[in-house]
Amino acid sequence: MSFLSRDLPAIILAPMEGVTDAPFREFITRTGFYDYCVSEFIRVSSHPLPPRAFLRHIPELRHGSKTASNIPVQVQILGGDPSRMAQTALAAIEAGAIGIDLNFGCPAPTVNRHDGGATLLKFPHRIEAIVRAVRDAVPEKYPVSAKMRLGFDAPTAIDENVKRAEQGGASWITIHGRTKIQGYTPPAYWKPIGQAARGVSIPVVANGELWTLEDLRRCQEETGLRHFMIGRGALAVPGFASLARQALGLPILEMKSQLMIPTSTEPAAWADFFTDYSKVQPAGSRLKQLARYLHTKGSITWWDQVKTLGSTEEILGFLTNRAL
7 MSFLSRDLPA
17 IILAPMEGVT
27 DAPFREFITR
37 TGFYDYCVSE
47 FIRVSSHPLP
57 PRAFLRHIPE
67 LRHGSKTASN
77 IPVQVQILGG
87 DPSRMAQTAL
97 AAIEAGAIGI
107 DLNFGCPAPT
117 VNRHDGGATL
127 LKFPHRIEAI
137 VRAVRDAVPE
147 KYPVSAKMRL
157 GFDAPTAIDE
167 NVKRAEQGGA
177 SWITIHGRTK
187 IQGYTPPAYW
197 KPIGQAARGV
207 SIPVVANGEL
217 WTLEDLRRCQ
227 EETGLRHFMI
237 GRGALAVPGF
247 ASLARQALGL
257 PILEMKSQLM
267 IPTSTEPAAW
277 ADFFTDYSKV
287 QPAGSRLKQL
297 ARYLHTKGSI
307 TWWDQVKTLG
317 STEEILGFLT
327 NRAL
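In terms of this note's numbering, the sequence shown opens at residue 7 and continues consecutively.
Worth flagging that the hints you see were computed from the coordinates, not collected in a lab. The C-beta atom is built at its ideal place from N, Cα and C for all residues, glycine as well. Take the hints with a grain of salt, since some may be wrong.
To be verified - Label-pair distances were calculated between CB atoms; the ranges are: (1) 22 / 266: 31 to 39 Å; (2) 328 / 89: 49 to 57 Å; (3) 162 / 192: 14 to 22 Å.
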């Protein structure tokens, strides 16, 4: 199967380590805003991983690699050894994965020091070798994609890296519009994404600093692309993905239990939203993490009142009392 159609636009939920875990994926895909998700990366270090390693971290694999709302979840792996990556990708398929994504974009120093993520952007031939090894190991019906940044320390690397990934057999490529050195410091640079996309024949997904409909439109203009991955914007402005779908001519997907995104910034409006999240993610720290993201872009007005609260009960009590 393929997650991505060349002919149809798509809105994709980005992988974010420690944020977009299985409970969050289950929760947010109930909105009907996302065509598919990519899991947090599974790290491949000194040995290939067995199928059971994936089942621990990606429970959707037990259910056709889809969330409870029937949204596909692509498995992302990270590592620098082609053979171990290939064996691990095949193990993911055996565990139930319906697609593999290769992480060449993580900027974390601990990951880069251990031959993973964005450090590989310095070695285009290694990107091609890893993609080719995984593509050869995984049956053809399962897509193998790659996610990368513009480069390690300069955006000039992206053109060769995307071509190398394509030569390795990548089904599509997602490009985050910053270098490793830039980390997550604004701005993201979208024009190099479009330039790189024009040099390959496979689909390219644009990612980075997509928060508003204006951002989406400018990214479209600068890249000429139709596929977009939303990361922190999915948390900080959860209703943005709905506007993005409308702008791309995509319908909101119908769900059995549709999650409604509040339009008010007041606490009472968010009581049901956070109560629903607590059913899949009961930790108070994770509820506060989501509230902190919402605060960064002004989606809520009540961060100061909950940031000192400790438990889920206290947070939900605050919101529920305001709703009475």
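Here's how the hints hold up against the structure:
Distance hint check: the CB atoms of residue 22 and residue 266 are about 23 Å apart, inconsistent with the given range 31 to 39 Å. Here the CB-CB span from residue 328 to residue 89 is close to 56 Å, well matched to the stated 49 to 57 Å. For the pair residue 162 and residue 192, the supplied restraint of 14 to 22 Å holds, since their beta-carbon distance comes to about 20 Å.
The structure fails to meet hint 1 from the earlier list, while all remaining hints are met.
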